[in-house]
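Undergrad: Assemble the whole structure, with the sequences as input and the hints as a guide.
Residues per chain, in single letters:
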Amino acid sequence: MAARLAGSRWAAGPVAVGRGSLVSRQRWSVPSADTLYDVVVSGGGLVGAAMACALGHDIHFRDKKILLLEAGPKKVLEKLSETYSNRVSSISPGSATLLSSFGAWDHICNMRYRGFRRMQVWDACSEALIMFDKDNLDDMGYIVENDVIMHALTKQLEAVSDRVTVLYRSKAVGYTWPCLFPMADSSPWVHITLGDGSTLQTKLLIGADGHNSGVRQSAGIQNVSWNYDQSAVVATLHLSEATENNVAWQRFLPSGPIAVLPLSDSLSSLVWSTSHEHAAELVSMDEEKFVDAINSAFPTRVSARQLPPSVAKVDAKSRVLFPLGLGHAAEYVRPRVALIGDAAHRVHPLAGQGVNMGFGDISSLVHHLSTAAFNGKDLGSMSHLTSYETERQRHNTALLAATDLLKRLYSTSTTPLVLLRTWGLQATNAISPLKAQIMAFASK
Amino acid sequence: MWGGRKLSSSGSRFFGVFGSGRRGTQTERPPPTSSAVYSKNQLNWTLQTKPGVFGEYRTMWFKSCRTFSCLNRMKIYRYLWTRLYSTSQTTVDSSEVKTFLALAHKWWDEQGVYAPLHSMNDLRVPFIRDNLLKTVPNHQLGKPLSGMRILDVGCGGGLLAEPLGRLGASVLGLDPVTENIKTAQCHKSFDPVLDKRIEYRACSLEEIVEETAETFDAVVASEVVEHVTDLETFLQCCCQVLKPGGSLFITTINKTQLSYALGIVFSEQIAGIVPKGTHTWEKFVSPENLESILESNGLSVQTVTGMLYNPFSGYWHWSENTSLNYAAHAMKSRVQEHPVSAEPVSKGEPEDLRANACPNPVVHEEPKK
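Here the protein sequences come in this chain order: A and B.
Note that full-length UniProt numbering has the first sequence beginning at 1, numbered continuously upward.
Note that full-length UniProt numbering has the second sequence beginning at 1, numbered continuously upward.
Rather than coming from a laboratory, the hints here were simulated on the basis of the structure.
Since we're looking at a predicted model, the values are computed, not measured.
Just so you know, not all the hints are guaranteed correct.
EDC-like mimics (lysine to aspartate or glutamate), calculated; alpha carbons at most 16 Å apart, straight line [claimed, not checked]:
#1 K313(A) with E288(A)
#2 K243(B) with E211(B)
#3 K106(B) with D185(A)
#4 K182(B) with D185(A)
#5 K196(B) with D63(A)
#6 K313(A) with E287(A)
#7 K74(A) with E158(A)
#8 K313(A) with D265(A)
#9 K143(B) with D63(A)
#10 K155(A) with D106(A)
#11 K171(A) with D196(A)
#12 K317(A) with D286(A)
TA: Structural data, given as structure tokens:
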């Protein structure tokens, strides 16, 4: 069985290659020293930039050449703007550890972030709720604007510019994969063609180019995916009065979960996943109606301690929507290719795990690549890449399945399921070891 | 998981780890009529234990070294040259050369016949790296072995030379099979960094001993000593090319009942992991035997550790048990002990063997004076 699967994986390479119009298999001459990179990271988003950063700061990569390809322009943040960005991420403690391992977390601390101590989640139809908090007064997680994270990563990339080269406005348009079996005169490296026609070669290509990954498609890796019938609306909210604001609030409405995440004493971020029609309505309605919609989404007949703060107004132009879906690549690795972040898995934001799973992929892959480099191994060799894949697929598949299950469970209003989930929520709330396990799994 | 190197994959996919049969210096075996056995050897190198034909030649050669002058020795070399098929000298077995020739292009298929050797790198590269790093006070991050000169004897397709090169060492890889060297050179040519750091030569160790005496920080003979015809000469040559304080790394197979049962009966005849006739149990070297030869050459053995191969997972593991595969690390003493000189040649064979090591006219001439 294993042999058959293995056989199919190896065979799929050239077959899939034939399908892609942009991919070719050629014979290349010996490369000149300046165009062969040890690692190329395709995609300079949060996960791609963090990957390049982590490799650049790794001690066993001191004499290696790393390249980061980013299609967009370089974003220079001269001064932190007064207004908060509407795209924020919930960073778990594990991700914060990764970011601090190469010095990016310090920059974030110097800019701005918000730690939250407690998470309170309500059911839609009943008053059942579950509350997560850490006994030892540590932060459960941090809400950080994506721009702030990006800026911290860019600064740390510049700090290792002797090892890491960043090419902005460079999009890879074609990939050429090495032959399955090492042949005498064909190049064993991956060849990348950029939009401007130039070519690069690399020993390992890391695809961090989002859920529509070009690397994944070009490699012919199967992707299990479906679109949810939901879009997420994000906005920056001004609270009626300044409070301690260190609790993340979420309620599962029949149309989808609404979450209010703390940004500062008087600001919070909204992530409201709902049907496409409702989302379009929310984005286009008046500010007052929008604020009312948010305030009425949370239960009112509860004690004051458990109430989320009421919203006074919304930042103009901060209301945006984007569609949601699920995706999971059948394979994370091929010879000389690895996928990380949304290229490998795409998840519903209801658990705040999307970017954390990506950072978890980075921790694992950097660990394996670092050991391989210290053992003098060929970085594109499947032996350590499959170890990375096994480790991460186990974790990610579980989380993806759980998130999808929760989404479906909370989307219905049929009585038996509502009763089941209400009871389940209350039971889980009562069992502290179970809650601790959930928090531990999610904060990796 | 890939099917290539697992037990479940059929046929003779596994090769090379346990080496193939070579004749040893079996002095207890009665030497037969040389020509008849010689031709038989060329055709059929299977399990039948063979008398020490090449051992006989080697013994003859040694005797002539001791009794004849330099000129006569040259005559013996030419004699041996015409009798042996390979271009190398005494410690290379030409039947082995032929066997490896057949698989010369398969070295770099990580799931192919040489898969176990690829996965053995997970053990032997850290073994070499860590033991070498112990000998230096500090090292460069990213290139821990930079500044070190390493000799890889029996490098094959360069499976071990390349990781050592990536770690910063400058490596010389030797192999008697020219096709292997061609494969190795082709493979390294694609990486400019490795191309500069590694050099390959198709020759045997004896041929370069004189020009490279005491120039290497480390000599690596991995899965080689069970292939050579004359272990003592081979190890003497290894010692000669090492700098004082240099390290010798050997991985090989033990000569035990277990290695016969698992390495030959099970692997070759039952499971078919290894092609039949690949191994000759008599060629296996026990750690005790290896240690005694090393010690007698001025190399002090630092570590001997067992290695176990799991054919189901395809991975190697360190083990306390050295009854199958094992790795040894020996260091040449820093203070060079001068050979016992000015003694007449007739005074006993072992002393002279030790003193004269490999054919070196300078050292050899001293006792004559």
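Undergrad: Which of the numbered hints above does this structure break?
TA: Hint check: nothing fails, all pass.
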